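For the record, the sequence lines run as chains A and B. When you line the first sequence up against my numbering, it's residues 1 to 302, in that order. When you line the second sequence up against my numbering, it's residues 303 to 547, in that order.
No wet-lab data here; the hints were simulated from the structure. These numbers were taken from a predicted model, which means no experiment stands behind them. Backbone N, C-alpha and C fix where the C-beta goes; we use that ideal spot for every residue, glycine too. Take the hints with a grain of salt, since some may be wrong.
Computed spacing ranges between beta-carbons, pair by pair [to be verified]:
1. A/302 - B/304: 22 to 32 Å
2. B/531 - A/247: 29 to 39 Å
3. B/328 - A/74: 24 to 34 Å
4. B/525 - A/74: 35 to 45 Å
5. A/293 - B/414: 47 to 57 Å
6. A/30 - B/333: 26 to 36 Å
7. B/507 - A/273: 50 to 60 Å
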Amino acid sequence: MLKNERMRHQFKTEVMSGNIVKMMVAPDALAAKICQSCGAEAVFSAGYATSASTLAMPDRGISDFGMALERCREIVNAVDIPVFADADTGYGDLANVKRTVESYEAIGAAGIFIEDQVWPKRCGHMDGKKVEPTEVLVAKLRAAKAARKHDDFLIMSRTDARAVYGLDEAISRSKQYHEAGADLIFIEAPQSSEELETIHKAFPNTPMMANMIEDGKTPLTKPEELQKLGFNIVVYPNAMTYTQTYAEEQLIKTLQRDGTTKAYKDHMITFPHFNEFVGLDKVNARDAKYAPEKMTKYMTNA
Amino acid sequence: MTLLTNLATTPNRLIPAAGDGETFSLLSQSAFPAILLDGTLSAKTLLAQDNQGLLTESEYAKFLRDMQLRKHGQLIADLQSGFGSPLNTYYAAQDLERSGADILLLNDQKYPSHSTNHPATTSAEDLLGKARAAQDALENPATELWIKLEGIKEYGVQEAQNRITYLANAGADAIIISHYQSEQLQALLDGHSKLPLLATWTPDTQPITGLAGWLDTGYLAQQAQTARQDALNKLLEGAIQYAEK
């Protein structure tokens, strides 16, 4: 089984197992590799982190399909765990959705979500969101389902209607999205544990995702509790971005204060440890493997 | 069915080359067994430069990924001379396969590869290192590695035969002969190559039997360029007449 097939199959199996899959959003390939080394079952490539890491800008629909796809591809190539992706609104109309699905499937993502916000979108926990009529995402989900080549490339619907029209509308929309072909359901930014429970009751048999954002609208809830509430995926979209930003800010302040980075060194990985982590030994071994003197064994006319 | 299996059933078929989306789309709707996304033609499209060596692997791979979504048959990717050392070749081959290549075409030029009739070629050891690295990088057993030998004018038929044998030992799947004279190509065919042989093709190429196939060097792109030049001339004439009025 090729890697792409293996990753799709693995992710679907994990999500459908009844357990809860915990995914950090990785801002880049290095972050994804850290997740993998710490035992993550899967990793997420998502807009808030990609917008921050590629543009140093907020998640307001400025970063586009090309940036998101390329970042996701880099992450997929860096790890051997499934990578799920945030495909925003599908980046346009139904033709764009088709290209989005084909492209993410081709680079080896395990699946994507598509949402019902008006483009340019906002982070789901920002104020001022607007959503399209339900029919828009219904049509996009049908197009997405038709465009995928493999049934185990999972398609998740995301609605941002909770913030605009309330939870009942968000649930109603998600039911229509599920009927249109969404394999997984994501209702963005419920505002209490009771709302999380209400969502589960509305979708007792459909895998769902919860989004845990520090300082966001949804109360931070442990995975075990989310699992009891019926959620199969929990994602931490901003934690690595915030941690990187904080750590780098502290480093620069230390350097500016002391004139060296010495006082911050305890917060750093060491030179040999980092080289080991990114596989320098393996690369060097590979380089040596194809040295000219090792090729003479092929140079026979026998 | 792999491309070589396909060609074995119908020898002497032509595999066309593309370097732009419009040509690729046209070819993908035609009955060719495969399409070569040629490095030189791609450099012309993406960089407006007549030198494949200016096109980096990541730039080319991005284009390949876009084109692979439009393919209906097999796709040959131009690995050039491996984009550096055998180590670079390993990662380039891995990336091009992940980007949709069914066949990788590695040439025996020195890095950086050039679009010229008299390219400088690399040593057999370096070529073998790159061929092994490319093979080791491939994940899908169905992906083929073809090698384009570009130096027969420089190193002669005997060295070409040696290289073919060495490359067969190293696991390459087929050989393309480029920048050749018909007698040289015939001599290679008479020598009972250990690998399927193909040759590059232009409209002036003399027919020769016994090859597994022919690889186009950009016939459609040349015709399109001629047509564009004619159109430009008409445009210039029209513009001048309009100015005189």
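Quick rundown of the hints versus the structure:
1. A/302 - B/304: 22 to 32 Å: With a Cβ separation near 27 Å, residue 302 of chain A and residue 304 of chain B satisfy 22 to 32 Å, so the hint holds.
2. B/531 - A/247: 29 to 39 Å: violated, 58 Å
3. B/328 - A/74: 24 to 34 Å: holds, 32 Å
4. B/525 - A/74: 35 to 45 Å: Given a distance of about 38 Å, which is inside 35 to 45 Å, the answer is holds.
5. A/293 - B/414: 47 to 57 Å: violated, 24 Å
6. A/30 - B/333: 26 to 36 Å: violated, 46 Å
7. B/507 - A/273: 50 to 60 Å: Check passed, 58 Å falls within 50 to 60 Å.
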